[in-house]
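K.L.:
Each chain is listed here by its residues.
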Amino acid sequence: MSVKTAYKALSLKTDPIFKLLMIMLVLLGWLASLGGASIIGLENLYKEWNLTQKSRVNIYLLAQTEAKSIDNLTQTLLSEDYITGIKHVKDEETEALLSQFLVSDYKLELPKILELQTTSSTDFEKIKQIVDKKIPTAQVDDPSKVLNSIANGVRFAEGIALIISLVIVFVISLIVSLTTRAGLRAQKRQIEILQYVGASDSFIAVLAVKQVLYCSLAGFVGSTALAALSIQLIQTQWPILATFILANVWFIAVCLPLFICLVAVLVSMFIAKRVIRGN
Amino acid sequence: MIKLENVSFRYPKSEQKALDNITLELEKGSFHFLCGASGAGKTTLFKMLYLELLPTTGKLNIINNQADNISRKQISELRRHMGIVFQDFRLLNKLTVWENVALPLSILGELSAQQKQAVNDILDWVGLKHKINEHPNKLSGGEKQRVAIARAVVNRPKLLIADEPTGNVDIEMGKRIMHLLCELNKHGTTVLVATHDQELINSFNYPRLKIDDGKLSINNV
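Line by line, the protein sequences are chains A and B. Note that this note's numbering numbers the first sequence so that position 146 is 146, with each residue one more than the last. Note that this note's numbering numbers the second sequence so that position 157 is 157, with each residue one more than the last.
Please keep in mind that the hints were generated in silico from the structure rather than gathered at the bench. C-beta: ideal position from N, C-alpha, C; glycine also. It is possible that some hints are incorrect.
Taking lysine-lysine and the DSS-like style, the derived pairs with C-alpha atoms no more than 25 Å apart in a straight line are [to be verified]:
| no. | chain 1 | residue 1 | chain 2 | residue 2 |
| --- | --- | --- | --- | --- |
| 1 | A | Lys145 | A | Lys54 |
| 2 | A | Lys4 | B | Lys116 |
| 3 | A | Lys188 | B | Lys3 |
| 4 | A | Lys188 | B | Lys73 |
Some chain A residues well away from chain B (every beta-carbon gap over 10 Å; in silico) [said to hold, decoys possible]:
| no. | residue |
| --- | --- |
| 5 | Leu31 |
| 6 | Asn50 |
| 7 | Ala96 |
| 8 | Lys112 |
| 9 | Gln139 |
| 10 | Asp142 |
| 11 | Ala161 |
| 12 | Ile168 |
| 13 | Val171 |
The following block holds chain A by itself, in its conformation from the complex:
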């Protein structure tokens, strides 16, 4: 028998509003965890895609372009440091690429495609200059505009996710603050008795905060478990996405509910002191 007696005296967990707090912590924690994990997964996907796009430049040549001119262009391009290799795309591959746009019995002279493997320091302008000089009729596929618009899209999605996260943190703070306040006000008499027998404000606040801590830890476990199950389910249902579910995705999936747990404890600490002082 010890502080447990005092803890039992100020038992908030039996209060239905505290059960609601636990449910809300699980659900919002789960939502935040999945949201955070999705954003990190999206970032992984984007980085992978961006890397692929940045390291490949296509040059489209007319069908009648002479082989000699193509060899000349290839040699000139290979002298650039950031070009690591040039692949001459086979006619079958080109045909396969264009087949969806062509009528089946239509015979078209296929354009020639050069696929450049580049490093991250690719200079598109320089490539364009070389190509314009060597074969003016050729077209360089410059992905920078697409890359920029996709990057903007990804940043926008991340920004939205950040705002949602802040809203979740605010909602959690509000719920915890209202729950702790309501829970403690309902225990006004118990608090008074504890005060009469000599319990200090901080002692009583610790009793209340401990209960919020246990409640939010249970919420953390629940929301993390739900998030882990959801991610596992996504991996099973869409194996292609598994490539992007790296350690950082799991890290965020665990960290966000833990952060919510921390917010809950801090808010309850602040509210408990205020309510007890006002008692």
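Take the given structure of chain A and dock chain B to it, following the hints.
P.N.:
Relative to the frame of chain A, chain B by itself:
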């Protein structure tokens, strides 16, 4: 132990003083009865003694602590040296009888074997050893009163303030409770008992404080 100098108290929004210019000094180890009609100011004076209320004017000193600039932390520390028996018991129904009595000790940390024994002894003394695992809502008024007294005295307080401690018990138990309070007093506890029971007051030779319309008079026996 208790010193009031020209203490007055007025509740907010009230024009009348609940306590009017009270000067009183209770020596360490003294025993006093406090009597007065309902609404005379007994409860206000009691609340002031356990520092739930602070004087509007005047000086109040409790167990060498001046109430003027006392902090909330100091008040809680001071209350650890006080035993308070309320007329309405103020027991916690969530706790058992044993836990209610042990509450003042349990807020200080883990209970030692000696403290546990003290809880058992006091419950034995008030005749409730057989009900240690009961909850207060299952007890009669007299039993609740005894639990409240046991809780107030379990930590051997320097000051015991009891509001009608024998109000809900039979004559025999009333005498036992009074003897317990006397016993505590002999061990150095300053005791102040509020009661309406004139017979009880007359059966002990202790000074009487009478409060009437917020004014206090002392009647030494």
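K.L.:
Are any of the numbered hints broken by this structure? If so, which, sorted upward?
P.N.:
Checked against the structure, the only hint that fails is number 3, while the rest are satisfied.
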